[in-house]
Amino acid sequence: MTASAREQPVEAGLDTTAIRADFPILGLAVEGKPLVYLDNAASSQMPQPVIDRMVRYQTSEHANIHRAVHYLSETATREYEAARARLARFINAREEREVIFTSGTTEAINLVMHGYGRRFIGAGDEIILTTLEHHSNIVPWQMLAEEKGAVIRVVPINDAGELLIDDYEALFNAHTRLVCMTHVSNALGSVNPVRRMIDFAHAKGVPVLVDGAQAVPHMRVDVQALDCDFYAFSGHKLCGPTGIGVLYGRAELLEKMQPFKGGGDMILSVTFEKTTYAGIPQKFEAGTPPIAAAIVLGAAIDYLSGIGMDAIAAHEHDLLAYASAEVARIPGVRIVGTAREKAAVLSFVIQGVHPHDVGTLLNQEGIAVRTGHHCAQPVMRRFSLAATSRASFAFYNTHAEVDALVAGIRMVQKVFT
Amino acid sequence: MADSRALYQEVILDHNKKPRNYGTLDHATHRAYGHNPLCGDHLKVGLTLAGERIDAIGFEGESCAICKASASMMTTVVKGRLRAEVEALIGEFRDMTTGKLDVAGPHHLGRLTVFAGVRDLPTRVKCAILPWHTLHAALNAVPVVSTESDGDPMHAPIGDA
Numbered sequence: 001m002t003a004s005a006r007e008q009p010v011e012a013g014l015d016t017t018a019i020r021a022d023f024p025i026l027g028l029a030v031e032g033k034p035l036v037y038l039d040n041a042a043s044s045q046m047p048q049p050v051i052d053r054m055v056r057y058q059t060s061e062h063a064n065i066h067r068a069v070h071y072l073s074e075t076a077t078r079e080y081e082a083a084r085a086r087l088a089r090f091i092n093a094r095e096e097r098e099v100i101f102t103s104g105t106t107e108a109i110n111l112v113m114h115g116y117g118r119r120f121i122g123a124g125d126e127i128i129l130t131t132l133e134h135h136s137n138i139v140p141w142q143m144l145a146e147e148k149g150a151v152i153r154v155v156p157i158n159d160a161g162e163l164l165i166d167d168y169e170a171l172f173n174a175h176t177r178l179v180c181m182t183h184v185s186n187a188l189g190s191v192n193p194v195r196r197m198i199d200f201a202h203a204k205g206v207p208v209l210v211d212g213a214q215a216v217p218h219m220r221v222d223v224q225a226l227d228c229d230f231y232a233f234s235g236h237k238l239c240g241p242t243g244i245g246v247l248y249g250r251a252e253l254l255e256k257m258q259p260f261k262g263g264g265d266m267i268l269s270v271t272f273e274k275t276t277y278a279g280i281p282q283k284f285e286a287g288t289p290p291i292a293a294a295i296v297l298g299a300a301i302d303y304l305s306g307i308g309m310d311a312i313a314a315h316e317h318d319l320l321a322y323a324s325a326e327v328a329r330i331p332g333v334r335i336v337g338t339a340r341e342k343a344a345v346l347s348f349v350i351q352g353v354h355p356h357d358v359g360t361l362l363n364q365e366g367i368a369v370r371t372g373h374h375c376a377q378p379v380m381r382r383f384s385l386a387a388t389s390r391a392s393f394a395f396y397n398t399h400a401e402v403d404a405l406v407a408g409i410r411m412v413q414k415v416f417t
Numbered sequence: 418m419a420d421s422r423a424l425y426q427e428v429i430l431d432h433n434k435k436p437r438n439y440g441t442l443d444h445a446t447h448r449a450y451g452h453n454p455l456c457g458d459h460l461k462v463g464l465t466l467a468g469e470r471i472d473a474i475g476f477e478g479e480s481c482a483i484c485k486a487s488a489s490m491m492t493t494v495v496k497g498r499l500r501a502e503v504e505a506l507i508g509e510f511r512d513m514t515t516g517k518l519d520v521a522g523p524h525h526l527g528r529l530t531v532f533a534g535v536r537d538l539p540t541r542v543k544c545a546i547l548p549w550h551t552l553h554a555a556l557n558a559v560p561v562v563s564t565e566s567d568g569d570p571m572h573a574p575i576g577d578a
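Protein chains in written order, with the numbering used here: chain A, 1 to 417; chain B, 418 to 578.
Check each hint, because a few of them may be wrong.
[Said to hold, decoys possible] Simulated coverage check for chain B against chain A, where a stretch passes if three residues somewhere in it have a Cβ under 8 Å from a Cβ of chain A:
1. 436 to 450
2. 477 to 483
3. 537 to 544
These are calculated hints, taken from the structure and not from any lab test.
Think of the CB as a built atom: it goes at the ideal place given N, C-alpha and C, for glycine as much as any other residue.
Extracted from the complex, chain A is given alone in its bound form (with noise of 0.2 Å):
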């Protein structure tokens, strides 16, 4: 199956049989069964079309980039910025400049908090974050608050692992100089209304920031339709490498930032009296990048767009309905998030049962969870638990692999009782 043979209706359903072929590693076998992997919000599986760019530039593509006038720097050179026009497309950016390659989504907020952070905020301002963001978008903050004697204040969750709009609104005064919010809870798949709320810290002149590491793989993200200042994603969840992640920011306020690294790449000129520093993107990308990762990015996303985002939005939509409901049907297991908007994941516990002893046992059927606190102890506390057994799905994965899950649960309770 070609990326371009994939596009047809939402309604249609996708052919995941046709998908699947393409994905190597799902026909792997675990421990003598078929692999179940449901560990998709952790990291995603990479289809043949994107290893085989990868091997293609690793082959024929690969030099140094922006640096030497030979034909294989100037080949890289143009394949890593096609990819940033690709990514730049992808989220609707205004302009490619505003797309800045990173590590991941952590480097990317940590490049928000030393390169607009630092310079911007100071003693008593105040941060905005909620109790669903993921460990890397607390501990940045927590960081800059310590340095500088800000404040950090923190957006409370319902029952059901919604955010609380009207507590949101009320954390805010004259001393608020940032919000920082998922975009999709990565423990519970809660979807937040960020369009909502970007707009209302925007009415009090307040940037945002949006964590897109769940959302981008699973629904259209445009950066201009949200009015983000900053988003932040990872290449791995998106059927990409690892060790590449994006930084979409305003280019208005990208300028205004400071470096987040020095080094080469990211300057005009040096000597050693002054350093005048390149304009976006290349002031914060200093070094060589990772520039295979960031093609092999941009063949992951024309494949995903192959398939379409809408489409793999409504997949994923009911196969999370029906787990839901396949789980909640199964006495002494209790479903962690079950906010209005979901995407992709289901966060569990059964009675009676640690979830490291349920990751363990399902992992014997050849069942791929993780289980956990998943980076985000907030929310765990919130619940008053430890951990949680999560199920994440992508658009590969089947109604087969949900019974499949559903099965395993039961025969976890069976041998616990």
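Take the given structure of chain A and dock chain B to it, following the hints.
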């Protein structure tokens, strides 16, 4: 790879469901708190040392089945033993679960060999070791241990905790 269901044998499931020596020990002479911050497992071990002999021992906490069964079986095995014997047993248990001790060879672990299977499950080794690490800490007057501290048995010899 060993069948991980083999790890969840009847004896382990039984100790998980009905842990022995469970509860706070009044008048303990030695206590320690063990914690795995990565998964939230935590337990307290208290014991009474009469001379060099463990007279009484109790534990309580919240953890997975592997950790709780390991703690329960540990208490039944070490009660009445001399401190030096127990320290040697802690070392053997650690070596077994980290794959350094072949249970086919000589050892003093007895039925504790039901935990040998965790050596094939690196992410679960800490679950089995935590109670033993905490016992070692109690015997050596270390009030709090963490699987992620420098005293972590995965990072440093347990004797250095």
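Right, here's what the structure says about each hint:
no.: 1; hint: 436 to 450; in the structure: violated (count 0)
no.: 2; hint: 477 to 483; in the structure: holds (count 5)
no.: 3; hint: 537 to 544; in the structure: holds (count 4)
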